[in-house]
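Here is what each chain is made of, one letter per residue.
Protein chains: 2
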Amino acid sequence: MLKVVIIGSGNVAQHLIGAFQKSDKVELTQVYARNTEKLQHLHGHLSVTDDFNRIAESDLYIIAVSDDAINSVSEQLAFSGRLVVHTSGSTAMESIDSKNRRGVFYPLQTFSKNKEVDFTKIPVCLETEDPSDYALLEELAKSISPLTYSISTTQRQALHLAAVFVNNFTNHLYTVGNDICTKNNIPFDILKPLIWETATKISTLTPVEAQTGPAKRNDTTTLQRHLDFLQDDNQKAIYTLLTHSIQSKNG
Amino acid sequence: MLKVVIIGSGNVAQHLIGAFQKSDKVELTQVYARNTEKLQHLHGHLSVTDDFNRIAESDLYIIAVSDDAINSVSEQLAFSGRLVVHTSGSTAMESIDSKNRRGVFYPLQTFSKNKEVDFTKIPVCLETEDPSDYALLEELAKSISPLTYSISTTQRQALHLAAVFVNNFTNHLYTVGNDICTKNNIPFDILKPLIWETATKISTLTPVEAQTGPAKRNDTTTLQRHLDFLQDDNQKAIYTLLTHSIQSKNG
Chain G
0 MLKVVIIGSG NVAQHLIGAF QKSDKVELTQ VYARNTEKLQ HLHGHLSVTD
50 DFNRIAESDL YIIAVSDDAI NSVSEQLAFS GRLVVHTSGS TAMESIDSKN
100 RRGVFYPLQT FSKNKEVDFT KIPVCLETED PSDYALLEEL AKSISPLTYS
150 ISTTQRQALH LAAVFVNNFT NHLYTVGNDI CTKNNIPFDI LKPLIWETAT
200 KISTLTPVEA QTGPAKRNDT TTLQRHLDFL QDDNQKAIYT LLTHSIQSKN
250 G
Chain A
0 MLKVVIIGSG NVAQHLIGAF QKSDKVELTQ VYARNTEKLQ HLHGHLSVTD
50 DFNRIAESDL YIIAVSDDAI NSVSEQLAFS GRLVVHTSGS TAMESIDSKN
100 RRGVFYPLQT FSKNKEVDFT KIPVCLETED PSDYALLEEL AKSISPLTYS
150 ISTTQRQALH LAAVFVNNFT NHLYTVGNDI CTKNNIPFDI LKPLIWETAT
200 KISTLTPVEA QTGPAKRNDT TTLQRHLDFL QDDNQKAIYT LLTHSIQSKN
250 G
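In order, the protein sequences belong to chains G and A. Numbered per numbering that gives the first Met the number 0, the first sequence finishes at 250, counting up by one with no gaps. Numbered per numbering that gives the first Met the number 0, the second sequence finishes at 250, counting up by one with no gaps.
Bear in mind the hints are in silico, worked out from the structure with no lab data behind them.
Note that identical chains are pooled: a pair holds if it fits in a single copy or bridges any two copies.
DSBU-like mimics (lysine-lysine), calculated; alpha carbons at most 35 Å apart, straight line:
| hint | residue 1 | residue 2 |
| --- | --- | --- |
| 1 | 112 | 215 |
| 2 | 182 | 141 |
| 3 | 182 | 215 |
| 4 | 182 | 235 |
| 5 | 141 | 215 |
| 6 | 182 | 248 |
Here chain G stands alone, though its shape is the one from the complex:
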């Protein structure tokens, strides 16, 4: 059994705790939390500490804290020479103090409080400073998801950025759609099946193949009517920029 300690008590930490507790290939030895109350619901099932000097010996340590805190948490670890990884998409592996062997365990998903996720469908992006540590990290990841990928620091930065486009920016387009509906007394629910179909389509088509709409068809009448309809300058600007972007992408 692979022994692992999780350091942190936020969203990612809590989802990882849940996933490892379900796995029969990993022993979650301990969780460190500055504020152990956040893990109160797990007491009895879990060894929890708030003392860096009492962190248990383990094969692997996962620092699942906010990006800004990774470095200082790693400095406070009272041991050295062990494998310590963080879970951040946008933080360099080198943020971890060099007294330990370093790596990254980045689950590419958006985690919300109180919303369970199925880890078997989450890609985990892995990186280790020392290639000989990779197998151990991969074994840990495979214990919760079959979707593991070896991803370099640069690739991870690219992925994190791509994720902003397909997740944060897409969600903002949903917000715009919602605002247009609200303004015209239309229930946003009408748009949801279309949103789901749009996301599903790319399982069988590339996004370029799946592209439809007035911008792609260069339907100037509809494009002008849409711009005339929009009154919000910000929405107009988004409409114009994304229309041009689609047109330049599709020749």
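With the hints as your guide, set chain A onto chain G.
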């Protein structure tokens, strides 16, 4: 049994033919197609004509042709005083020649050739010029989907526009994500679970509640690093505009 004739042989027409053929509350009396070969696979199951003078008598006529052709097709109908509807999200009901009673039957979904759709999950937006025709049109719609909505012309224009944001523009953001992956030798598959989760989240949260990311957190370090990473001017412009839009939306 409600009798219906479909005029057209494109994507929407073919999906509607399939849906009505499955329904036991509707009799698909006939299909008109300028080019009947496009319906060849349905011969034997269906009465098809390419002659406007031979269109069968029916309770309802659905014109499912391209937006530009709606008016001329409606003019060529050799009868008057009957209920004729089009399926377009962005065309005025008045495009239909006034010799017939007019309406709109707009299924809000993106239809692809060769990809079956489940009509019971598709919202159908209905409008009739004469309120006394509404019940008939609603009965037709309910025969294939429980999700029917009374939607005015202005609301339909708003919906069509909102659909461009949540469907066409969202798909374009998937294209940008795909391009970033390709450029960095990352399989686009890694992003798909995130895309699906983003679309699923809005079934339980409003888009504003679901918003996450560096723009929302005003994480200026990450925002600047992302802009530095991007080399494509177009991608930079999209990143900047949508970041500002998220920030102004979230105060």
